[in-house]
Amino acid sequence: MIPALLVSFAVLFIGLSLASPAVNSIEQRLNTSAPGDTKLHEPFTQRILHPLRQRLVKKVSFMLPKEKKEAWQKRLWQAGFLTAVPSDLAAAKLLGSTVAAGIVLLLLVLGDGGFNVFTVIKAIVPAGTIGYLVPELVIGQRIVLRKQKCDKELPDCLDLLTISVEAGLGLDAALAKVVEKGRGVLAKEFAYLLRELQMGQSRKKAWRNVASRVGTESVANFVSAVIQAEQLGVGLAQVLRSQSMQVRTKHRQKVEEKAMKAPVKMLLPLVLFIFPTMFVVLLGPALIQIIRVMSQ
Numbered sequence: 000m001i002p003a004l005l006v007s008f009a010v011l012f013i014g015l016s017l018a019s020p021a022v023n024s025i026e027q028r029l030n031t032s033a034p035g036d037t038k039l040h041e042p043f044t045q046r047i048l049h050p051l052r053q054r055l056v057k058k059v060s061f062m063l064p065k066e067k068k069e070a071w072q073k074r075l076w077q078a079g080f081l082t083a084v085p086s087d088l089a090a091a092k093l094l095g096s097t098v099a100a101g102i103v104l105l106l107l108v109l110g111d112g113g114f115n116v117f118t119v120i121k122a123i124v125p126a127g128t129i130g131y132l133v134p135e136l137v138i139g140q141r142i143v144l145r146k147q148k149c150d151k152e153l154p155d156c157l158d159l160l161t162i163s164v165e166a167g168l169g170l171d172a173a174l175a176k177v178v179e180k181g182r183g184v185l186a187k188e189f190a191y192l193l194r195e196l197q198m199g200q201s202r203k204k205a206w207r208n209v210a211s212r213v214g215t216e217s218v219a220n221f222v223s224a225v226i227q228a229e230q231l232g233v234g235l236a237q238v239l240r241s242q243s244m245q246v247r248t249k250h251r252q253k254v255e256e257k258a259m260k261a262p263v264k265m266l267l268p269l270v271l272f273i274f275p276t277m278f279v280v281l282l283g284p285a286l287i288q289i290i291r292v293m294s295q
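Numbering follows numbering that gives the first Met the number 0, in which position 244 of the sequence shown is assigned residue number 243; successive positions increment by one, without gaps.
Think of the hints as simulated: they come from the structure by calculation, not from any bench.
Remember, it's a predicted structure, so these values are computed and weren't measured experimentally.
Hints are not guaranteed to be accurate.
[Claimed, not checked] Cut-off 20 Å, straight-line C-alpha distance, at most; resulting in silico cross-link-like pairs (SDA-like, lysine to any residue):
#1 Lys67 - Leu132
#2 Lys204 - Gln227
#3 Lys187 - Ala91
#4 Lys253 - Gln147
#5 Lys146 - Ala83
#6 Lys73 - Arg141
#7 Lys68 - Val137
#8 Lys67 - Ala91
Could you put the whole structure together from the sequences, leaning on the hints where they help?
In structure tokens, the structure reads:
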């Protein structure tokens with residue numbers, strides 16, 4: 000039992016070491032400029048555990064194939080983690096698997112103690128698998144919610160862009176106005192777009208990155224229209240107004256489609272819950288009377 004307890008604590012220790020927070024860059028510079036042995040004044044998590052996590056993340060990054068890295072990077076962007084890299088997701092998966100397995104092993108040790116190696120394996124493997132899949136499930140849920148927010152915010156953003164361009168502003172200035180007035184997902188994406196343009200990224204590539212990070216059809220169509228208008232020299236105000244009308248038309252069609260599906264979705268609850276109750280209320284007294292007559 001003592002070796003199993005030591006193993007469980009070791010697993011939890013490694014998991015917590017992977018989750019140790021990074022040092023603030025300002026604090027790190029101040030500590031570097033301070034006199035004395037800075038290494039001894041640093042916390043244990045930063046002297047030992049944080050370098051261990053960095054080495055582990057680097058090794059995991061080398062093990063990932065290129066296709067997997069690209070797919071994970073795209074999902075991280077679509078989930079809103081714009082500064083994350085695939086190795087962070089791999090570390091999160093490893094952390095979830097390690098912590099879940101460690102918790103299950105600790106519960107087994109603190110239990111009755113009547114278990115063997117096969118029992119431990121049967122308990123740890125499912126727990127580790129679930130812990131490995133939890134980050135992917137969280138990212139998938141964030142992607143769905145973020146796409147819904149983008150589709151909901153796009154008509155208002157297009158209206159503000161159209162008004163700003165028609166008032167005489169350039170496209171970049173209109174985007175800056177949307178960033179200033181907005182607080183949603185698209186405002187953050189446009190802010191990231193302007194930052195990429197300031198850093199020297201080509202306009203076509205920067206707009207393509209927006210479509211890749213968002214991942215919705217409506218935003219992809221809007222990006223394609225803007226790129227085509229800039230390449231062909233078409234008036235942006237006309238393109239933006241046309242895109243705004245198309246987006247609102249599609250939004251109205253989606254709402255009408257959901258309204259038409261509502262009766263079909265209500266059919267199952269009606270059949271399972273409402274109709275049986277109505278039959279009991281209507282036919283109950285008659286059934287009681289029939290039973291009385293038959294008994295006589």
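To see whether the hints hold, each was checked on the structure:
no.: 1; hint: Lys67 - Leu132; verdict: 15 Å, holds
no.: 2; hint: Lys204 - Gln227; verdict: 13 Å, holds
no.: 3; hint: Lys187 - Ala91; verdict: 25 Å, violated
no.: 4; hint: Lys253 - Gln147; verdict: 12 Å, holds
no.: 5; hint: Lys146 - Ala83; verdict: 18 Å, holds
no.: 6; hint: Lys73 - Arg141; verdict: 13 Å, holds
no.: 7; hint: Lys68 - Val137; verdict: 18 Å, holds
no.: 8; hint: Lys67 - Ala91; verdict: 15 Å, holds
Comparing the model with each numbered hint stated earlier shows that hint 3 is the single one that does not hold.
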